[in-house]
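Trainee: Sequence:
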Amino acid sequence: MNKTFKEVIIFVCLACVIGLVYNFFSDKPLPLIQQGKDNLFVSDSVLFDGLQKTTDTIKVKDSNHVVKVTIIKIKNDSNNVVKADTSNSTKPKDRILQISYKQVVKLLGRPDVVFIDAREPVNYTKAHIGKAINIYPYEEGDAHIGKIASLDRDKTYVVYCDGGTCDLSHDIVKIMLSFGFERVYLFTGGWEEWLKNHQL
3 MNKTFKEVII FVCLACVIGL VYNFFSDKPL PLIQQGKDNL FVSDSVLFDG LQKTTDTIKV
63 KDSNHVVKVT IIKIKNDSNN VVKADTSNST KPKDRILQIS YKQVVKLLGR PDVVFIDARE
123 PVNYTKAHIG KAINIYPYEE GDAHIGKIAS LDRDKTYVVY CDGGTCDLSH DIVKIMLSFG
183 FERVYLFTGG WEEWLKNHQL
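Taken in order, the sequence shown gives residues 3 to 202; the numbers are from the numbering used here.
Treat the hints as calculated values from the structure; they're not laboratory data.
Computed from a predicted model, the values in this text were never measured in an experiment.
Treat the hints loosely; a few may be bogus.
[To be verified] Straight-line C-alpha distance at most 25 angstroms; calculated DSS-like pairs for lysine-lysine: (1) 198 - 104; (2) 157 - 176; (3) 133 - 108; (4) 104 - 8; (5) 198 - 133; (6) 176 - 30; (7) 128 - 104; (8) 104 - 133; (9) 128 - 108; (10) 198 - 108; (11) 104 - 5; (12) 30 - 198; (13) 104 - 157; (14) 149 - 133; (15) 8 - 108; (16) 157 - 133; (17) 30 - 128; (18) 30 - 5; (19) 157 - 108; (20) 30 - 8; (21) 149 - 198.
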């Protein structure tokens, strides 16, 4: 082999090793293999509907799926119409529903909505969105589990962290879904997108 070719190979390998080491110790490391997240964005009609809903859940043989039948009572002047909505009836329990920045702004300040900041307590203390509470998934012991268990299940929750590749909010949402919370949404833009739109 040519000496120059060997030097190029050694240089490229060395650059790759340095890059991997730098990524490993970085504050915001990039994933080496991008894992697809089974996330969906929620439409405004689902998030903000003023309809009264009751939901019955029927379990299917496969433990990863549930069937939901939503009875929607629509009020109008003359009578009530009852409609069964089974669209999207089979969905994984752990499907994470995302909301946009515009939806976050509309939800902010509503008494039935609680924002959860999943960032480290030191970052939460510096600044956070609205009246968000802090639940950090890697608190000492299992303090975060106790905080989640004490939350009101009738409220709507918006969970966020730094945004981008931050998975802290995903961890909190997954725990909440496993506890049976129904109205939990992920703001994937997180603190990064919030700051971009609200210069402090």
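Trainee: Run every hint past the structure and note whether it holds.
Mentor: So, going through the hints one by one against the coordinates:
Of the pairs offered as hints, the one joining residue 198 and residue 104 holds, with about 13 angstroms between alpha carbons and a cut-off of 25 angstroms not exceeded. Among the hinted pairs, residue 157 with residue 176 is consistent with the structure: their alpha-carbon atoms are about 17 angstroms apart, no more than 25 angstroms. For the hint linking residue 133 to residue 108, the alpha-carbon distance of about 14 angstroms falls within 25 angstroms, and the restraint holds. With a C-alpha separation of about 54 angstroms, the suggested pairing of residue 104 with residue 8 is violated against the 25 angstroms cut-off.
Between the alpha carbons of residue 198 and residue 133 the distance comes to roughly 19 angstroms, so the proposed pair stays at or under 25 angstroms and holds. Of the supplied pair hints, the one linking residue 176 and residue 30 holds, its CA atoms being roughly 21 angstroms apart against a limit of 25 angstroms. A threshold of 25 angstroms between alpha carbons decides the hint, and for residue 128 with residue 104 the separation of about 23 angstroms falls inside it, so the pair holds. For the hint pairing residue 104 with residue 133, the CA-to-CA distance comes to about 17 angstroms; that is within 25 angstroms, so the pair holds.
About 24 angstroms separates the Cα atoms of residue 128 and residue 108, which keeps this hinted pair within 25 angstroms; it holds. A C-alpha spacing of about 17 angstroms is found between residue 198 and residue 108, which places the hinted pair at or below 25 angstroms, so the restraint holds. For the suggested pair residue 104 and residue 5, the alpha carbons sit about 58 angstroms apart, so the restraint of at most 25 angstroms is broken. For the hint linking residue 30 to residue 198, the alpha-carbon distance of about 18 angstroms falls within 25 angstroms, and the restraint holds.
Pair hint residue 104 plus residue 157 holds up; C-alpha atoms about 20 angstroms apart against a cutoff of 25 angstroms. For the proposed pair residue 149 and residue 133, the alpha carbon gap of about 16 angstroms is at most 25 angstroms, so the pair holds. Taking the CA atoms of residue 8 and residue 108, the gap is near 59 angstroms; set against the 25 angstroms cutoff, the hint is violated. Straight-line distance between C-alpha atoms of residue 157 and residue 133 comes to about 14 angstroms, which keeps the hinted pair within the 25 angstroms bound.
At roughly 19 angstroms between alpha-carbon atoms, residue 30 and residue 128 fall within 25 angstroms of each other, so this suggested pair holds. For the hint linking residue 30 to residue 5, the alpha-carbon distance of about 38 angstroms lies beyond 25 angstroms, and the restraint is violated. Restraint check: the Cα-Cα separation between residue 157 and residue 108 comes to about 16 angstroms, which is no more than 25 angstroms; the hinted pair holds. Straight-line distance between C-alpha atoms of residue 30 and residue 8 comes to about 33 angstroms, which puts the hinted pair past the 25 angstroms bound.
Annotation: proposed proximity of residue 149 to residue 198 is violated, straight-line Cα distance about 29 angstroms (limit 25 angstroms).
In summary, the numbered hints that this structure violates are 4, 11, 15, 18, 20, 21.
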